[in-house]
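Chemist: If you read the sequences in order, they're chains B and E. The first sequence begins at 1 in the working numbering and counts up one residue at a time. The second sequence begins at 1 in the working numbering and counts up one residue at a time.
Please keep in mind that the hints were generated in silico from the structure rather than gathered at the bench. These numbers were taken from a predicted model, which means no experiment stands behind them. Take these hints with a grain of salt, some might be off.
Said to hold, decoys possible - In silico lysine-lysine, DSSO-like type, Cα no more than 30 Å apart, as pairs: (1) E:K317 / E:K378; (2) E:K343 / B:K92; (3) E:K119 / B:K57.
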Amino acid sequence: MSSKKPDIYGLMAEFEDPTALVAAAARAREAGFTRLDAFSPYPIEELHHALHTESTKLPALVLIGGLIGCAGGFGLQYWVSAIAYPVNVGGKPYFSWPAFIPVTFECTILAAALTAVLGMLALNGLPQPYHPVFNVPRFALASRNRFFLCIETADPKFDLDETRKFLETLEPREVTTVAD
Amino acid sequence: MAERPQSLDVPADPNVAIATVPTYPPVIAPGHTLGSVTDKISSIVLTKKTPAGWWIGFLAAFAIVNVLMVALTYLLFKGVGIWGINIPIGWGFAIVNFVWWIGIGHAGTLISAILLLLKQSWRTSINRFAEAMTLFAVACAGIFPLIHTGRPWLAIYWLFPYPNTMNIWPQFRSPLIWDVFAVSTYATVSALFWFVGLIPDLATLRDRSQSRTGRVVYGMLAMGWRGSAAHWHRYETAYLLLAGLATPLVVSVHTVVSFDFAIAIVPGWHTTIFPPYFVAGAIYSGFAMVLTLAIPIRAIYGLEDFITMRHLQNMAKVMLVTGLIVAYGYATEAFVAWYSADKFEIFVPFNRATGPYAFSYWSLILCNVLIPQVLWFKKVRTNVPVLFVVSLIVNTGMWLERFVIVVTSLHRDFLPSAWGMYSPTIWDWATFVGTIGLFLALLFLFLRFLPMISIAEMKTMVPESRVDEDLRVI
Chain B
1 MSSKKPDIYG LMAEFEDPTA LVAAAARARE AGFTRLDAFS PYPIEELHHA LHTESTKLPA
61 LVLIGGLIGC AGGFGLQYWV SAIAYPVNVG GKPYFSWPAF IPVTFECTIL AAALTAVLGM
121 LALNGLPQPY HPVFNVPRFA LASRNRFFLC IETADPKFDL DETRKFLETL EPREVTTVAD
Chain E
1 MAERPQSLDV PADPNVAIAT VPTYPPVIAP GHTLGSVTDK ISSIVLTKKT PAGWWIGFLA
61 AFAIVNVLMV ALTYLLFKGV GIWGINIPIG WGFAIVNFVW WIGIGHAGTL ISAILLLLKQ
121 SWRTSINRFA EAMTLFAVAC AGIFPLIHTG RPWLAIYWLF PYPNTMNIWP QFRSPLIWDV
181 FAVSTYATVS ALFWFVGLIP DLATLRDRSQ SRTGRVVYGM LAMGWRGSAA HWHRYETAYL
241 LLAGLATPLV VSVHTVVSFD FAIAIVPGWH TTIFPPYFVA GAIYSGFAMV LTLAIPIRAI
301 YGLEDFITMR HLQNMAKVML VTGLIVAYGY ATEAFVAWYS ADKFEIFVPF NRATGPYAFS
361 YWSLILCNVL IPQVLWFKKV RTNVPVLFVV SLIVNTGMWL ERFVIVVTSL HRDFLPSAWG
421 MYSPTIWDWA TFVGTIGLFL ALLFLFLRFL PMISIAEMKT MVPESRVDED LRVI
């Protein structure tokens, strides 16, 4: 980072269709770039293959969240009904576990769903009020109909002129410098 | 999200296609591009000129919200005695309306979650406003049990487990407490699902808004979403997991609602058929409400390209199927009552059909069982005005069903000395009509300020969005 210009975040190439972006991302990976990201207005499955972003910890986190919700919900009902406030209801035992299943189920779903959403946001680093890619004026089209590939200066292979030349070979609409 | 529309897969030989593949109307009209989809849907929200029709609709709905406000204020001032409820019918309109609204909400979750898991690409253009419908319906539903407690601020300690100064805890063996957990979980998960779906669209609105307020507000709500590939990957994973979680949840919610009745020993309530019969009824009424809303919305906002005849026909078919399940439920209920050889149970269907509330019962059969049979005919399913009328009739029928279940079961239980009658007062009606106003007012606000169709998901329906075949091997 220190050897490069500190006021530049990276170089960004703009493409007009998803096929060009996927091809460019795959070529950039082949060329040895590791700190790069692609931006598209909708999810593109092929892009995940090209960029090797195929695994995520999220499902494991959601499972853990669900299990905590399940144990918490059941434990709460057991503690309330058998320990803290034992009430005889229709002669049922204090630990009448079948009656605790609906609430246990709802707590499982609630905790798992909260983990899925908060986990997704946390792993994505959102909310993030500022990000350098927004300094490129045309990047506003990334949420409409344009596709972008950004190679960061933090990449070990990054060289302002060489990387720009490389990006030009991918036939982008244009290549822009991203201010940090 | 990643599913591809079948209708766009054009076979190599058109003659073969005619011979083997039935022709369906498309899920999106031909000729649309990524840009045109974005512009069409976002322009409805970003326009500076609010349509006059929107003002008329919103103000009319808002006037009805004020009826609700008056009804609720008077209720809190006087107590539930202003309603028609009394022993033996302690559960009047409040519970009828609660079950009706919750049921309506269920179609939204069904469309957004279950149809997503089943890879039904036609859901894409209706899921967003169906989810909004769910949220607003649950909001209306939630009001009723709360106000039915009379003094809600004194009722919290038996609704939610929290350490209170009386050291009293909720009674977890009661289905009413299960209901609190089911409905609050349902409301939370529906809101999460809806909001997650909105994030990429909020980013689109942020990037396309011409006003500073728009950019700031949508920008904050979008939380810095930039469409990064790694983000999309986790986003899709989270969305699928939410769909997987919401699917059993939506079934559990109306099951638990039916437990409110089925766990009791009242004849007409104490029956094991209630959970599946309630869930089918919920989906039935929910799809009717989606049609009731979708038909005018697509006409007014000119969205026939996105909400096509394919959508309306599919929803009509779902209504027909769930309607038949509900009809089967009515038949089974009567059969089991007879088969039980219990004279109190046998009396229930007899009393429903010939007793003092026979009018409600036969209206329900007409609205829910007989009239919807016209949906067997393709001519009806493709006739938009008729479809609209049928959807209104089914909404009415499902409300009557809940009225019949709640009132006719309670008004004649075991001892004739405990029999009674129920008739709603003006305040019952004002509260009910008021929640319809609240529902519509919230819906109008949603249509004006948020994209009613998922922009990001609609883009995956456009042919231009696809990556060329030869690149997929990478």
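Chemist: Determine for every hint whether it applies to the structure shown.
Modeler: Against the structure, the hints come out as follows:
no.	hint	verdict
1	E:K317 / E:K378	holds (10 Å)
2	E:K343 / B:K92	holds (28 Å)
3	E:K119 / B:K57	holds (24 Å)
Violated hints are absent here; each numbered hint is respected by the structure.
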